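Enquirer: Residue-level listing of the chains:
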Amino acid sequence: MKRRVVVTGLGTVGSLGLDTASFWDALAAGRPGIRPIETVDRSILRFANGAEAAGFQASSYFEAKEADLLDRFAQFAIVAAAEALRDAGMEPADIAGPRTAVVLGTSIGGQQTVDDGFVELYRKNNPRGNPLTIARTMPNAAASMITMRHGITGPAWTVATACSSSNHALGQAFWAVRDGLADRALSGGSEAPFNPGFLKAWEAMRVIAPDTCRPFSLDRKGIILGEGAGILVLETLDAARARGARIYAEIAGFGMSSDAHHITQPSADGAAAAIRMALDDASLPPEAIGYINAHGTGTAANDVTETRSLKQVFGTHASRLAVSSTKSMHGHALGAAGALEAVATSLALYHGLLPPTANYSSPDPECDLDVLPNAARHAKVDAALSNSFAFGGLNAVLAFRSPDAL
Amino acid sequence: MSRDEISARVIAVIAKTQHLDPASIQPESTFEGLGLDSLDGINIAFGLESEFDVNIPDDALPKLRSVADITDGIARLLEAKEASA
Numbered sequence: 001m002k003r004r005v006v007v008t009g010l011g012t013v014g015s016l017g018l019d020t021a022s023f024w025d026a027l028a029a030g031r032p033g034i035r036p037i038e039t040v041d042r043s044i045l046r047f048a049n050g051a052e053a054a055g056f057q058a059s060s061y062f063e064a065k066e067a068d069l070l071d072r073f074a075q076f077a078i079v080a081a082a083e084a085l086r087d088a089g090m091e092p093a094d095i096a097g098p099r100t101a102v103v104l105g106t107s108i109g110g111q112q113t114v115d116d117g118f119v120e121l122y123r124k125n126n127p128r129g130n131p132l133t134i135a136r137t138m139p140n141a142a143a144s145m146i147t148m149r150h151g152i153t154g155p156a157w158t159v160a161t162a163c164s165s166s167n168h169a170l171g172q173a174f175w176a177v178r179d180g181l182a183d184r185a186l187s188g189g190s191e192a193p194f195n196p197g198f199l200k201a202w203e204a205m206r207v208i209a210p211d212t213c214r215p216f217s218l219d220r221k222g223i224i225l226g227e228g229a230g231i232l233v234l235e236t237l238d239a240a241r242a243r244g245a246r247i248y249a250e251i252a253g254f255g256m257s258s259d260a261h262h263i264t265q266p267s268a269d270g271a272a273a274a275i276r277m278a279l280d281d282a283s284l285p286p287e288a289i290g291y292i293n294a295h296g297t298g299t300a301a302n303d304v305t306e307t308r309s310l311k312q313v314f315g316t317h318a319s320r321l322a323v324s325s326t327k328s329m330h331g332h333a334l335g336a337a338g339a340l341e342a343v344a345t346s347l348a349l350y351h352g353l354l355p356p357t358a359n360y361s362s363p364d365p366e367c368d369l370d371v372l373p374n375a376a377r378h379a380k381v382d383a384a385l386s387n388s389f390a391f392g393g394l395n396a397v398l399a400f401r402s403p404d405a406l
Numbered sequence: 001m002s003r004d005e006i007s008a009r010v011i012a013v014i015a016k017t018q019h020l021d022p023a024s025i026q027p028e029s030t031f032e033g034l035g036l037d038s039l040d041g042i043n044i045a046f047g048l049e050s051e052f053d054v055n056i057p058d059d060a061l062p063k064l065r066s067v068a069d070i071t072d073g074i075a076r077l078l079e080a081k082e083a084s085a
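Chains as they are written, first to last, in the working numbering: chain A, 1 to 406; chain B, 1 to 85.
For the record, the hints were derived by calculation from the structure and aren't laboratory data. You may find that some hints are simply not true.
As the list claims (entries may be wrong) - Calculated from the model, a selection of chain A residues having no Cβ within reach of chain B, i.e. all distances over 12 Å:
1) Asp116
2) Ala156
3) Glu203
4) Ala209
5) Pro210
6) Leu237
7) Gln265
8) Gly290
9) Ala300
10) Ala301
Unchecked claim - Straight-line C-alpha distance at most 25 Å; calculated DSS-like pairs for lysine-lysine:
11) B/Lys16 <-> A/Lys200
12) A/Lys221 <-> B/Lys16
13) B/Lys63 <-> A/Lys124
Note that this is a predicted model, so its numbers are computed, not measured. Ideal Cβ positions, reconstructed from N, Cα and C, are used throughout, including at glycine.
So here's chain B without its partners, still in its complex pose (with noise of 0.2 Å):
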């Protein structure tokens, strides 16, 4: 999966689970841009786990505060999981 398309499903999620419109996100958007706060997070990690069927551990949360970080994140996952297939 190319980075544009993880990012492009990143951003709707986000979108998605907090009731955006996706137009208003962008690859370079921030959490703290976006006025979304840790609770939100959670909610966008749970979302994001159905969306790419990975796992993300509680402690990698705190570091996700941007589409950018989170972007990496899950292709880091998805290369992890298919090296692992």
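Excised from the complex, chain A in its bound form (with noise of 0.2 Å):
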């Protein structure tokens, strides 16, 4: 028998706050963290804004001597990883040894300390590179600095699908913990995308909004980047209800597919195919479903195809649903984005306080779902789902059921 596998623990950094408390209120009033980007010189940009984790100082987590290890990205996780773990009630004694699994999704890993290192030698030829440049680098470097700061032995790897990256680590930590690989699993995501040579590169895609993200909006204009980390602490069912642990959700299923479609469009065939088989995989009848937090980034392409996606799917119930895209507030955090709208759908189940879709100005008719316009409504709902679509094609589908109904 499968193991029922519930979240009792949540982490949040990023633009709306550096913890889940900010985080969440932001939400709750509709509260963009949008704002002109400061981390990176704006005149050598085409756009203006993003949604920075405006504060953030290494220095206020981490002795000088760690900071050096860590880029920014890893950092954001590690002080995700601890907030969820102290928000989950759990002692170090808990969580150290090898039933614990840490799967985590970045899309780009250390890139800010990439983009420093070719400064030095580039522009500054300096032929000396810094010798801490890979350790901080590499995409597991969160992962792996979370396993060391809480002794913990069991399963840990990094997931990378671009836009959908940490609802794959999440989806497969819940496989773990339901299938008996782990107990327990410190899952979710981290992205740092605020350095010269990746906005440069995000600036000649075209897809960023000039001025904010509109999502469902028929003026909508594009994306706006997004910062910052979501951990969720997931374990069994049991083990939450014998350590009398407060429940925000149960992650029910989760599904994936890839559209093997196109390298930047996407394919409402795919993103179908990965609902379908979250509700599969949770035995929900699509009818059960009452809040789907969407991909929803703002752009043209996305947004219709989401559309079609969700009538394909639920068919006359996508009338019924209430959808909302809380990359609206956060911005698109990447590889972070997941974990970050997995943080705002368990709160959304256990508060009965649907996020909205911040900055909508007026109906698309190809997108003519209830998108929640710029104001969050009070229900209660049996269950939800939050869906990823990376660019590549790779889609990532959770789906959530209400701490009521356990």
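Relying on the hints, combine the two individually framed chains into one complex.
Expert: Laid out in structure tokens, this is it:
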């Protein structure tokens, strides 16, 4: 018999604040964290705004020597993991050892360290590379550092599937706990994309909005990049009950698919296949779903395609779904996006409050779903989905059940 | 710059960035006919910006679907550049 898996701890760093309480306050209020970019010289960019983790200083969390070993993406993950463990009420002895897994997602790992190294080498003509570059840059650095800090000796790995990375990570962590590979997991993802080289690459892709992110709105103009981390503590329902833990939500199912279509254009069929697989894996009928945290990037292509995929799977029930894109507030944090959205979805189920799609201004007939424009809605729903669809056509969908349904 | 000259240089940019024989591209060719998609369009725009020393705004991209569209757009950008010079 498969074990049931629940979320009992949450940790968040991002543009809505440096902890989960601030994150949820902003989501509940519909208040975006999108502002003029501060950490990169805007004069070299054609766009001005981002969703940076304002006020995040490594020195607030790490000794100078520790910080030397950590790219910003790993710093975010470590800080969020520590918060998630505190939130779960877990003591060091509860998580150390071989029965805890760490599964994280990131799209680009320590890209900022790479960019800094290239400035030294190519611009300053300094032929000597920083000896800590490899250790800081490797995408598994965040997961490895978390195992070391907490004495976790169970399975640990990192998933890189662009914008789906942390949904793929959470799905695999969920399966690992459900199937007995581990008894608990720290899972989610982190991303730190604000460095000049990477922002120029996004600029050239021409998908960054000049003002703000307006998912599903007729006048949407693209994404706003975000940064941060979301980390969730997953454990078996039995273990959570035995220790009297607070349960935010159950992770009930996971589905993934590949479009086999185009390296940047999405496909409704591929997204629909992942949604169906998540519902099957959770043994949930489509009619049980009340809320969907959409991928909702705010690009012309994604939002129309995602709407079509939801209609494909849900049929007439699609019009009864509440659908929102919290990227309108925390930005598109790439490999951390799914993790931030899993935190948002867990809290939505726990509080019975569905976060809105912010910055929404006018309906698009091709995105004619109930997208919770600009204001959160009080609603107890039994089950929810969180969608992530990546460049490269790799789709990952998580299914959650309300804690009231346990 | 004459329209024909712009068109010829647009064709050269499309040929170079898309690894196509310039002789296979005509002034009346469309992206659809050439088998080009939106990502190819982004790449072509990048080449055009260097070739003509102009900035093509993001929201113009979806409208550029043929050699003629691009030639008209570049002509307008060059006129605006001359007027402001």
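Enquirer: If a hint holds in the structure, say so; if it does not, say that too.
Expert: For each hint, the structure was consulted:
1. Asp116: 26 Å, holds
2. Ala156: 35 Å, holds
3. Glu203: 9 Å, violated
4. Ala209: 9 Å, violated
5. Pro210: About 7 Å separates A/Pro210 from the closest Cβ of chain B, which leaves it inside 12 Å; violated.
6. Leu237: With a cut-off of 12 Å, A/Leu237 remains clear of chain B, as the shortest Cβ separation is near 45 Å.
7. Gln265: Non-interface label on A/Gln265 violated, nearest chain B Cβ at 7 Å vs cutoff 12 Å.
8. Gly290: The assertion about A/Gly290 holds, with a minimum of 35 Å to chain B.
9. Ala300: 7 Å, violated
10. Ala301: 8 Å, violated
11. B/Lys16 <-> A/Lys200: 22 Å, holds
12. A/Lys221 <-> B/Lys16: 29 Å, violated
13. B/Lys63 <-> A/Lys124: 41 Å, violated
Going through the hint list in order, the structure does not satisfy hints 3, 4, 5, 7, 9, 10, 12, 13.
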